[in-house]
Every structure is written in structure tokens, then in C-alpha cells.
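Undergrad: Sequence:
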Amino acid sequence: MDDVVDVDALVDALIDREGGFVDNPADKGGPTCFGITQEVARAQGYAGPMRQLPRSEAVNIYLRLYWLRPRLDEVGKRSARLAAELFDTGVNMGPAVAVTFLQRALTALNRGGKDYSDLTPDGRVGPTTLAALDAFLAFRGQGSGETVLLRALEALQGERYLRLAERRPGNYILDKISASAHKRAKRTGHEIRSNQPGVPRRSQGSRVSRKPALARWSCLPAL
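Quick note on numbering: the sequence shown equals residues 249 to 471 in our numbering.
Don't read these hints as lab results, they were simulated from the structure. Keep in mind the model is a prediction, meaning the values are calculated, not measured. Cβ coordinates follow ideal geometry from the N, Cα and C atoms, glycine included. A portion of the hints provided could be inaccurate.
[As the list claims (entries may be wrong)] Ranges between beta-carbon positions, derived for each pair: (1) Glu414 to Ala383: 32 to 40 Å; (2) Thr395 to Lys276: 29 to 37 Å; (3) Ala386 to Arg411: 32 to 40 Å.
When you get a sec, could you build the whole thing from the sequences and use the hints?
TA: Written as C-alpha cells, this is what we have:
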């Protein structure tokens, strides 16, 4: 595993996409700043106005709640691409949901239990989930295995977004995804620096383009 996750770059890119203070009446989460909801900010000890939430505080919250607590650093040791995708999904849907997607995908792809045992989709990255991920990547190959898992994760994410949109009048969820997709189209997403011999290292400011799962599915409404 030669790729290294630059988690600071992941968080910076995420905050840039989310923007500053937003108070959209259609968003049941209430006011946000840098993508952090007021509820989460309060739970993490920030008592000031959301409009004045320091960027450094938002960075610490993202690292603590969405990277370290769900143990995505352990996933990143095995696959930088998967860890970046799970981080992004976890911010949008909750870390436990993102990890559940990974567990469901691994179980669906274990060839009927021949490669490793089925996983309990409990939303926790533990020794059993990591062992299954190790086995999957060993059987399928690092590059091709990552690609297959990423597509499975995107499919699960897209299906969940649609279910949420169907429950909310006005398809606010799809509107929100659309805005995010346009932002990502203008920027690039996550920076993953490669240390592979013979592969040029990306510059510190370079980015890899990443769009939300729905933006990549032609069968869904145009975003």
C-alpha cells in the first residue's frame, strides 16, 4: 500500500466545498458553518454564534468525529481511495452509515463466504471488518479491488440519497447534492499523494476530481 492519505487536504477541500455560514430554512439541520451543524458544534463544546465558528474548530471537529472516531485512519492504511470516499460519505450521512456501506459491500462481494465470512453491518470498523478488507484486496488486487468497492459504495450512497429525496417534498436533498456537484466540478476533490516508484508525485496543491455518487449516474435526474 503505497498511497498515503493527506487527511488535512481532505478536510480543507471539504470545508472549501461547504463554504461558510448557511441558514437554509429547508435544511432541517438548522444553521451550519463550514458544513458543521449547530447541533454538532454545541455537542463539541462550541457555544458561540455559528456565523463566527472558527475554521480551525471546524477542522478539529471533522478530524475527531469523521476520521479518527470511526477509525478511517485504519482503512487509510489499506486504501487511501476508500478512506477518502468513506470520509466524504460519513460527513454527508454519518460515519456509521458510511462504514455500514463498506461492510455490506464486502459481504456482497465475498463470493458466498468463500473468501471471508459475512460481516455484521454494525457501522463499526473493527478487526473483523479490517480483516475482510485485507482479504478482499488480496484476492481482487489492490487497484481493481478498490475500484469495485468504490463503485459499490457509490451505488449504496445513491440509493440512500434517492430514498431521502422521496421522503422530502421539493427534493431538497437532490438540490443540495446538485449544488455540491457544481462546486466539485469547478474544483477537484481529494488529494492523495502517491509514493509509487516511477509515478510522479502530485504537487501539494493538486487535486483529484471527485463528484457525489448521484452526479455519476446517468439514469438519475440531471444534477
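Undergrad: Evaluate each hint against the coordinates.
TA: To see whether the hints hold, each was checked on the structure:
1. A hinted range of 32 to 40 Å for the beta carbons of Glu414 and Ala383 is consistent with their spacing of about 36 Å.
2. At roughly 35 Å, the beta-carbon separation of Thr395 and Lys276 lies within the given 29 to 37 Å, and the hint holds.
3. A hinted range of 32 to 40 Å holds for the C-beta pair Ala386 and Arg411, which are about 34 Å apart.
Checked against the numbered hints given earlier, the structure satisfies every one of them.
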